[in-house]
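Peer 1: Starting from the given sequences, assemble the full structure and let the hints guide the process.
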Amino acid sequence: MTLVVNAWQALGEFVLDAGFTSDGGVTALFGPSGSGKTSLVRVIAGLSKPDHGRLVVDGETLLDTESRIFVPKHKRRFGYVFQESRLFPHLSVRQNLAYGRWFAPRTARPENFDRIVGLLGIGMLLDRRPGKLSGGEKQRVAIGRALLSAPRLLLMDEPLAALDDQRKAEILPYLERLRDETSTPIVYVSHSVSEVARLADKVVTMKAGRVEAVGTPSEVLSLPSADRRDAGAVLTGVVEVIDIPHRLATIRLSQAQIVVPNAHAQEGLSVRVHIPERDVMIATRRPEGLSALNILAGTIAAIEPDGDGMVRIRIRCGEDILLSRITALSVERLDLKLEKPVFAVIKTVALER
Amino acid sequence: MSDEEWTAIRLSLKVSAVAMIVSLPFGLLVAYLLARGKFWGRSILNGIVHLPLILPPVVTGFLLLILFGRRGVVGAFLNEYLGIVLSFRWTGAALACGVMGFPLMVRSIRLSIEAVDRKLEEAAGTLGAGPAWVFITVTLPLILPGVIAGMILAFAKAMGEFGATITFVSNIPGETQTLSAAIYTFTQVPGGDAGAMRLTLVAIAISFAALLASEFLAYLVGRRVNIE
Chain A
1 MTLVVNAWQA LGEFVLDAGF TSDGGVTALF GPSGSGKTSL VRVIAGLSKP
51 DHGRLVVDGE TLLDTESRIF VPKHKRRFGY VFQESRLFPH LSVRQNLAYG
101 RWFAPRTARP ENFDRIVGLL GIGMLLDRRP GKLSGGEKQR VAIGRALLSA
151 PRLLLMDEPL AALDDQRKAE ILPYLERLRD ETSTPIVYVS HSVSEVARLA
201 DKVVTMKAGR VEAVGTPSEV LSLPSADRRD AGAVLTGVVE VIDIPHRLAT
251 IRLSQAQIVV PNAHAQEGLS VRVHIPERDV MIATRRPEGL SALNILAGTI
301 AAIEPDGDGM VRIRIRCGED ILLSRITALS VERLDLKLEK PVFAVIKTVA
351 LER
Chain B
1001 MSDEEWTAIR LSLKVSAVAM IVSLPFGLLV AYLLARGKFW GRSILNGIVH
1051 LPLILPPVVT GFLLLILFGR RGVVGAFLNE YLGIVLSFRW TGAALACGVM
1101 GFPLMVRSIR LSIEAVDRKL EEAAGTLGAG PAWVFITVTL PLILPGVIAG
1151 MILAFAKAMG EFGATITFVS NIPGETQTLS AAIYTFTQVP GGDAGAMRLT
1201 LVAIAISFAA LLASEFLAYL VGRRVNIE
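One line per chain: the protein sequences are A and B, in this order. Taking the working numbering, the leading residue of the first sequence gets 1, the next gets one more, and so forth. Taking the working numbering, the leading residue of the second sequence gets 1001, the next gets one more, and so forth.
For lysine-lysine, the following DSS-like pairs were computed, each having C-alpha atoms within a straight-line distance of at most 30 Å:
#1 A:Lys207 to A:Lys49
#2 B:Lys1119 to A:Lys207
#3 A:Lys168 to B:Lys1119
Covered stretches of chain A, going by a simulated chain B footprint (3 or more residues, C-beta under 8 Å):
#4 79-90
#5 142-151
The set of hints was computed from the structure by calculation and includes no laboratory data. Glycine included, C-beta positions come from ideal geometry on N, C-alpha and C.
Peer 2: Here it is as structure tokens:
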């Protein structure tokens, strides 16, 4: 699948001027609220018409303002999962799921109703009304409904944003299975670093209506950006040991090992970990008597002041680069210089699978 | 009860039912236009629809006579090309009743359309439903309680309609003499009180039954549509 989109649209004060391409897999649109992610996805879905723009999917032009082409939303065959599930209250879960299937072309109708229902774990809910479902259940049904309409492309607009952490944790594994077990390409809108790090093959970051950067999660999520509170390093490693009594998993990186709270990982599995830069402290001697489990030795690879009193330090540990965000005063006090050996004290690590 | 009284009751039910059913598609269309449409003259349309509610019924009846009478602009056309005569016929009574009940029906449907969450219609569109299908499968089921309420209101208004009907189609027993007109006629003759009372009781019973029916339908629909 190939997707090429470009859109220019004035929405009051805000101007959307963005575009990207995708060759399938999961493309994440990432950025703070109000950065234009949803506006761009609505253009792709055909829910809004930009002043200028083009959208080509697999060589088929669905939108071209130059030549006045605009394929309406119901003929695009893109599944859309909204932030609020938007299930039809007058239909049962089964009827909601069947809704899109009924409009799909006969040849494209998925024959895998049971498989998708099983994949999302909603078999128990089929005869219920949407009003009686929990937030997480509703969202899973909404994902199933979109999938069963046999979409060429699945658009997911912050599907987890309205849920609490527990519900998010409940749905994320289903999204991963979706990514791994279906061939439907996905455009995933999110402002959460952890979701993006966990799901995306490609990340497009947006800011103030424009595309800021494009790349893999580990490239893009470590780029400096003033308003990205969760910025940090995304590293790849292998699960080495699971300590079940303490619910900890040991992950081997290129040189060091880190310990992550998680008892569900499988040994030998390749995983990504996300280490937010604000949760990494720097010491010049190996500290003792600390509660932090992860203290990694490395050398300083770069010192990047942001001009606002804060400095981003890149620490090389083998082939991995850790990020740390500290004050300029600390840099002076510790006399940090390039290639100086230091210890990175990591307060939190999140396992991103 | 005399045959004449039974005739009046049957006629009233027929006139009201026809008025309600025939005005329903127009009511839906106008309510949809008023709720969703963005066009020049929307407030004028709104005003015209509401006129029968504000004008004295006799005035409405007289206007109908001018427009739909045998020599009227619309009436002459209908008579000549479609062979439909409305003046002094029960069909004319149905028209008068339909016009009088129309603002009530439109108002009720319009309010329910305005209450529909348009995000649901958007979602239906992304699932492949074209605008007509969205209306049939999403909008219509969601506004059903409002539509039923509007129909019952229009029916009740038609049952009680007197002024516009008698002005437009007169008071001909067996053709245009509805329940209300029959009661009125009884009160105009000496010794008619007993007949008037019998019909009054029937009118109360019918109104009550309509009210109960609407409550029951609203309950059924409300149970089905579990709005969160």
